[in-house]
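K.L.:
Chains A and B, in that order, give the protein sequences.
The first sequence begins at 70 in the working numbering and counts up by one.
The second sequence begins at 302 in the working numbering and counts up by one.
Don't read these hints as lab results, they were simulated from the structure.
Think of the CB as a built atom: it goes at the ideal place given N, C-alpha and C, for glycine as much as any other residue.
Each hint should be verified, as a subset may be incorrect.
[Said to hold, decoys possible] Cross-link-like lysine to aspartate or glutamate pairs, in silico, DMTMM-like; alpha carbons within 25 Å at most: (1) Lys-86(A) with Asp-594(B); (2) Lys-166(A) with Asp-674(B); (3) Lys-166(A) with Asp-594(B); (4) Lys-86(A) with Asp-674(B); (5) Lys-124(A) with Asp-375(B); (6) Lys-402(B) with Asp-583(A).
[To be verified] To be clear about the criterion: a stretch of chain B counts as covered by chain A if any three or more of its residues have a C-beta under 8 Å from a C-beta of chain A, and this derived list gives those stretches: (7) 610-623; (8) 646-654; (9) 688-702.
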Amino acid sequence: MGVSQVVNTNFEQTLTKRRIVLVLLVFGFVFAFFVIRLFSLQILERSVYESLAAKTSQRAQIIPARRGDIYDRNVTYPLVYDVDSFSVFFNPADVPKDIIPKILSDLSYFLEMPLTRIETLVPPSSYNKFQNIEIKMNVSLQTINKLAEQIELFPGVTWSNKPVRNYSDLRSLSHVIGYVGRITQEELQVLYNAGYGFGSILGKSGIERQYDQILRGTDGVIHQIVDVFGRRIEASGTPETPPLLGKDLVLTIDARYQVLAEKSLVGRKGSVVIMKPATGEILAMVSVPYYDPNSFSISGESSSFIEQKTNRDSPFLNRAIQSVYPPASTFKIISAAAILDTNAIDPRRKIVCNGRLRVGDRFFNCWKLSGHGPQDLSDALANSCNVYFYTVGQSYLGPDRIYEYARELSYGEFLGIDIPGEVAGNIPNPRWKLRTLGSPWVGGDTVNYSIGQGFTLVSPLQMAAMMSVIVNEGKLYRPHLLKEVRDPVTGNIVQKTEPELIFESKIKPQVFRDLQGYLRNTAVRGNPHLITTKAVQVAGKTGSAEIGIESAYHNWYASFGPYDANDPKDRIVVVVNVEAQENIDYWAPKAANIIYQGIFANQSFEEAVRTLNTYYTRNIPLGN
Amino acid sequence: MEINRSRSFFNLDFTLLIAVMMLMVIGVLFVFSSSYNPVTNAIGDEYIKQIYWALMGLVIIISIGFINYNLYYDLAYILYLGSLFLLVITLLFGRVVNNSKSWLGIFGLGIQPSEFAKITFVIFLSFFYSSRISDIKKLTTFLVSLVILAPPVFLILRQPDFGTALVFIPIYFAISFVSGVPARYLIFLGSVSLLSILLGVIPLYFNRIVGEVSFLVPLLTDPSNQLIVIGFLSFFIVLEIFGIVFLKHPLYKKALYVTSIILLGFVGGIEFRAFLKEYQIMRFITFLNPQVDPQGAGWNIIQSLNAIGSGGITGKGYLQGQQSQLRYIPMQNTDFIFSIIAEEWGFLGGMLVLILYAVVIFRSYVTFLRSNDLFGCLISVGIMTYFGFHFVLNVGMNIGIMPITGIPLLFISYGGSSILAASVASGILVNIQRKRFMF
Numbered sequence: 070m071g072v073s074q075v076v077n078t079n080f081e082q083t084l085t086k087r088r089i090v091l092v093l094l095v096f097g098f099v100f101a102f103f104v105i106r107l108f109s110l111q112i113l114e115r116s117v118y119e120s121l122a123a124k125t126s127q128r129a130q131i132i133p134a135r136r137g138d139i140y141d142r143n144v145t146y147p148l149v150y151d152v153d154s155f156s157v158f159f160n161p162a163d164v165p166k167d168i169i170p171k172i173l174s175d176l177s178y179f180l181e182m183p184l185t186r187i188e189t190l191v192p193p194s195s196y197n198k199f200q201n202i203e204i205k206m207n208v209s210l211q212t213i214n215k216l217a218e219q220i221e222l223f224p225g226v227t228w229s230n231k232p233v234r235n236y237s238d239l240r241s242l243s244h245v246i247g248y249v250g251r252i253t254q255e256e257l258q259v260l261y262n263a264g265y266g267f268g269s270i271l272g273k274s275g276i277e278r279q280y281d282q283i284l285r286g287t288d289g290v291i292h293q294i295v296d297v298f299g300r301r302i303e304a305s306g307t308p309e310t311p312p313l314l315g316k317d318l319v320l321t322i323d324a325r326y327q328v329l330a331e332k333s334l335v336g337r338k339g340s341v342v343i344m345k346p347a348t349g350e351i352l353a354m355v356s357v358p359y360y361d362p363n364s365f366s367i368s369g370e371s372s373s374f375i376e377q378k379t380n381r382d383s384p385f386l387n388r389a390i391q392s393v394y395p396p397a398s399t400f401k402i403i404s405a406a407a408i409l410d411t412n413a414i415d416p417r418r419k420i421v422c423n424g425r426l427r428v429g430d431r432f433f434n435c436w437k438l439s440g441h442g443p444q445d446l447s448d449a450l451a452n453s454c455n456v457y458f459y460t461v462g463q464s465y466l467g468p469d470r471i472y473e474y475a476r477e478l479s480y481g482e483f484l485g486i487d488i489p490g491e492v493a494g495n496i497p498n499p500r501w502k503l504r505t506l507g508s509p510w511v512g513g514d515t516v517n518y519s520i521g522q523g524f525t526l527v528s529p530l531q532m533a534a535m536m537s538v539i540v541n542e543g544k545l546y547r548p549h550l551l552k553e554v555r556d557p558v559t560g561n562i563v564q565k566t567e568p569e570l571i572f573e574s575k576i577k578p579q580v581f582r583d584l585q586g587y588l589r590n591t592a593v594r595g596n597p598h599l600i601t602t603k604a605v606q607v608a609g610k611t612g613s614a615e616i617g618i619e620s621a622y623h624n625w626y627a628s629f630g631p632y633d634a635n636d637p638k639d640r641i642v643v644v645v646n647v648e649a650q651e652n653i654d655y656w657a658p659k660a661a662n663i664i665y666q667g668i669f670a671n672q673s674f675e676e677a678v679r680t681l682n683t684y685y686t687r688n689i690p691l692g693n
Numbered sequence: 302m303e304i305n306r307s308r309s310f311f312n313l314d315f316t317l318l319i320a321v322m323m324l325m326v327i328g329v330l331f332v333f334s335s336s337y338n339p340v341t342n343a344i345g346d347e348y349i350k351q352i353y354w355a356l357m358g359l360v361i362i363i364s365i366g367f368i369n370y371n372l373y374y375d376l377a378y379i380l381y382l383g384s385l386f387l388l389v390i391t392l393l394f395g396r397v398v399n400n401s402k403s404w405l406g407i408f409g410l411g412i413q414p415s416e417f418a419k420i421t422f423v424i425f426l427s428f429f430y431s432s433r434i435s436d437i438k439k440l441t442t443f444l445v446s447l448v449i450l451a452p453p454v455f456l457i458l459r460q461p462d463f464g465t466a467l468v469f470i471p472i473y474f475a476i477s478f479v480s481g482v483p484a485r486y487l488i489f490l491g492s493v494s495l496l497s498i499l500l501g502v503i504p505l506y507f508n509r510i511v512g513e514v515s516f517l518v519p520l521l522t523d524p525s526n527q528l529i530v531i532g533f534l535s536f537f538i539v540l541e542i543f544g545i546v547f548l549k550h551p552l553y554k555k556a557l558y559v560t561s562i563i564l565l566g567f568v569g570g571i572e573f574r575a576f577l578k579e580y581q582i583m584r585f586i587t588f589l590n591p592q593v594d595p596q597g598a599g600w601n602i603i604q605s606l607n608a609i610g611s612g613g614i615t616g617k618g619y620l621q622g623q624q625s626q627l628r629y630i631p632m633q634n635t636d637f638i639f640s641i642i643a644e645e646w647g648f649l650g651g652m653l654v655l656i657l658y659a660v661v662i663f664r665s666y667v668t669f670l671r672s673n674d675l676f677g678c679l680i681s682v683g684i685m686t687y688f689g690f691h692f693v694l695n696v697g698m699n700i701g702i703m704p705i706t707g708i709p710l711l712f713i714s715y716g717g718s719s720i721l722a723a724s725v726a727s728g729i730l731v732n733i734q735r736k737r738f739m740f
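Using the sequences and the accompanying hints, generate a full structural model.
P.N.:
Structure follows, in structure tokens:
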């Protein structure tokens with residue numbers, strides 16, 4: 070202790086020096102460690118960080134491909150095309166989270182859209198997404214210019230010239246063509262691997278949806294070096310993938326037929342299907358009421374969409390393929406086919422119609438309560454005599470055979486038309502009733518069945534298919550709307566839809582030829598005489614039914630023409646269905662009459678109406 | 302010793318001066334680089350201010366180099382209390398920059414009193430130990446030294462500026478250790494502090510970084526568990542005191558030493574979590590795995606590592622650093638300036654900065670060795686630690702192995718206060734070396 074005491078009076082030199090060496094050693098170790106760390110970061114792992122750095126600053130920007138145009142079959146009439154329009158995007162991950170709400174509210178003011186809408190597009194959960202979210206479509210160049218002047222206030226905001234769909238004035242095609250919209254989260258989950266991304270536009274219904282992959286093309290990509298605020302610094306050396314134009318579609322629709330069909334309903338609710346049996350091509354498909362796809366496609370606002378969606382008349386419903394109705398008296402064609410094919414009863418044998426038929430303790434009326442008197446098959450079809458078909462159905466055919474012949478005429482199946490939403494309707498039999506409703510088939514069911522009432526439901530398209538089977542003498546080609554796919558630049562056909570035989574009936578061809586004759590006879594002798602056109606020989610059958618307990622009716626006309634065509638391939642099928650409330654005016658055959666006149670006399674609707682000049686066409690208000 | 306007066310009139314430590322000047326030049330170059338905008342070719346005016354401050358710094362180094370450091374021995378109280386006064390004033394009237402109230406406006410100029418408080422603290426602690434060197438081993442000396450440490454740390458934590466407050470701790474330990482304070486006191490204090498921080502961050506570490514359930518989390522955070530642990534440890538302490546008093550076995554003293562560290566560390570951990578907000582703790586530990594919050598606390602580290610790693614051996618070239626020029630690195634002219642140097646000048650540039658700092662620290666050691674008295678020795682140690690710790694924490698944060706604390710890289714980072722304070726410290730070193738010839 071003695072020695073250290075002495076040293077302590079000054080200070081403990083040795084201890085201090087020992088200790089500072091320790092402090093120095095600590096620094097020495099840390100330095101050595103830093104050198105090793107720098108060496109490993111910058112020399113050993115350099116490539117890892119190089120690619121990370123490149124990835125951070127490189128942003129892939131999508132160049133949207135121009136969506137293909139859609140034409141009618143004559144390729145003269147563009148039904149849908151893209152128009153230029155600016156879209157404003159926001160990339161949330163480009164900006165610090167805490168200033169995003171401010172940017173969004175500024176954008177709301179600038180783009181004149183409600184903040185709540187922007188906030189639903191850019192929810193807080195998306196704040197980490199390196200994705201351009203589309204805020205608004207169809208922004209004017211003026212607004213874009215203003216935005217560009219103050220871009221420093223809007224980090225993460227970009228815009229692009231993004232083509233927008235413009236739909237032609239042929240509104241009745243809205244169901245066939247459909248519309249496009251922004252991809253939803255649910256759709257993205259399903260389609261993620263099919264080249265769709267956050268904010269993709271895709272077809273939501275109709276042709277736009279069915280052929281989305283063909284129409285959409287392939288979006289291009291441009292790789293850009295961007296700074297932390299997402300501002301473009303320079304296009305990098307990475308080769309950009311140019312966008313591939315979407316291909317053009319040519320539909321089987323004939324715009325002239327479509328206009329005629331649309332106008333022939335004169336505002337009534339209902340649908341028209343015009344089909345070419347020889348190929349399965351749909352020449353016109355009308356469903357009224359229809360919607361206006363431009364009203365929400367161009368503005369990007371959904372209020373109009375919701376307004377139309379919630380309309381009581383369901384304008385979004387494609388009645389031609391999505392609505393089913395009892396086929397009513399048109400179903401007598403089925404019974405007629407069964408009679409002719411099986412000879413269950415001699416078609417010339419007369420059955421007396423007293424205006425009603427007693428089945429068990431119930432009476433079933435003919436529509437003519439005074440009765441038609443003695444009727445053979447030809448008379449019964451022409452007069453649409455219920456009692457004849459009641460009797461034949463109950464006593465000669467039975468429900469199973471009616472079922473069998475309904476199926477042999479293609480009823481009760483999906484037809485696989487190339488737009489989504491088709492329904493299959495229902496063709497019942499005793500087994501079906503027992504299984505579904507749990508009650509046995511009774512005599513009354515057969516009676517109703519034989520005149521197309523009760524549980525029987527078909528769509529207008531199915532009725533057109535049924536008529537096609539008759540015209541083709543047993544063959545049915547898949548009904549379709551796509552005629553060709555064309556290259557958007559050269560106009561060359563790259564894909565063509567060939568007729569696809571989907572059904573062949575077991576019924577003898579002669580039966581169909583006879584049926585055609587019966588139907589021609591029905592159109593000529595039918596009472597009241599509605600098919601007045603001289604332009605073409607029409608064959609067809611009417612049908613009317615009351616639906617449910619409401620006083621709602623619907624009225625059918627199933628027909629084909631020309632009956633006397635030199636080449637059976639030239640025949641077309643026209644099916645009209647009209648829904649009526651309160652007062653039924655049997656418009657379906659009248660509409661068909663105008664359609665046939667227009668098509669075969671090569672007249673416009675107005676000209677056709679003037680030419681026909683019958684009692685019911687005189688009240689149609691014509692524009693000029 | 303008093304030979305060699307003729308060697309030079311000024312007798313300045315030119316090695317130190319040159320190293321400091323080179324660091325300052327690098328600083329100006331890279332403040333320029335970070336304020337240069339490659340898109341618009343616009344250049345911020347920060348680098349001009351930085352040149353002014355560097356020149357002012359040189360003047361200060363030379364001037365203070367001629368002021369006899371023994372003067373500070375007499376002024377120690379005034380300097381220390383004066384800086385505490387300024388810290389109080391700052392808390393009352395300071396300007397809020399980057400969420401902390403650390404700026405004080407004087408004559409239209411903003412200064413950060415906390416930067417200068419580090420130097421007055423070095424001076425006052427050195428003064429304290431050298432004036433009480435005969436009592437250096439006494440517990441009271443140790444306790445008084447803690448009383449000296451507490452006020453500046455507390456005042457700076459209140460701003461709050463966690464990083465700057467942190468700098469005082471190693472300075473305190475280094476000076477105390479070298480001056481001869483018994484190691485057991487310092488180990489006790491050091492262990493309690495480390496344990497407090499460790500136990501303080503463990504719950505968030507498991508919950509947010511590791512993402513696993515650990516039995517430690519409820520043990521540390523549940524109030525009833527805390528009471529049980531504290532009660533348990535207190536019971537042991539009572540037993541150990543009983544053993545010391547009645548059984549007089551030396552083992553009981555050692556046990557008491559360890560148990561007290563654990564108890565105080567446990568309580569310290571609870572206080573640590575109570576005192577700091579969760580985001581502050583997260584900022585502190587995110588470097589362990591920056592990917593848990595890549596857009597938030599981890600962003601700086603990820604971008605900094607990308608910049609440094611992609612720099613390679615020779616770098617991307619001056620003004621060519623992609624990460625920095627595209628502004629991916631935040632605070633790139635202050636906290637993260639090292640990453641720009643390492644990106645644009647590569648491994649060689651990073652090594653240059655490392656070597657220059659090694660020179661500065663080694664010259665501080667040389668100053669210590671050549672110092673004539675304990676006061677000068679301790680100041681040298683304090684300044685060495687001040688330089689060294691700033692360097693270690695800042696560069697360590699840039700290369701992703703130290704927490705983000707936001708303390709500047711002295712002489713290089715943009716900012717007047719840090720350059721001027723570092724210059725004052727350098728000047729003092731220069732004078733201590735000069736003085737050895739003037740006995």
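K.L.:
Please go over all the hints and tell whether each is borne out by the structure.
P.N.:
Structure-based check of each hint:
Restraint check for Lys-86(A) and Asp-594(B): not satisfied, since their Cα atoms lie roughly 45 Å apart, outside the 25 Å limit. Taking the CA atoms of Lys-166(A) and Asp-674(B), the gap is about 56 Å. The hint is violated against a cut of 25 Å. Taking the CA atoms of Lys-166(A) and Asp-594(B), the gap is about 13 Å. The hint holds against a cut of 25 Å. Only pairs whose Cα atoms come within 25 Å are accepted, and Lys-86(A) paired with Asp-674(B) is accepted, the gap being roughly 13 Å.
Taking the CA atoms of Lys-124(A) and Asp-375(B), the gap is about 59 Å. The hint is violated against a cut of 25 Å. Of the pairs offered as hints, the one joining Lys-402(B) and Asp-583(A) is violated, with about 101 Å between alpha carbons and a cut-off of 25 Å exceeded. Figure legend: the stretch 610-623 of chain B, annotated as covered by chain A; annotation consistent (6 residues with Cβ-Cβ distances under 8 Å, at least 3 required). Here the stretch 646-654 of chain B counts 4 residues with a CB under 8 Å from a CB of chain A, which clears the bar of 3, and the coverage holds.
For the stretch 688-702 of chain B, the proposed coverage by chain A is satisfied: 6 residues have a C-beta within less than 8 Å of a C-beta in that chain, meeting the threshold of three.
Checked against the numbered hints above, the structure breaks hints 1, 2, 5, 6 and satisfies the rest.
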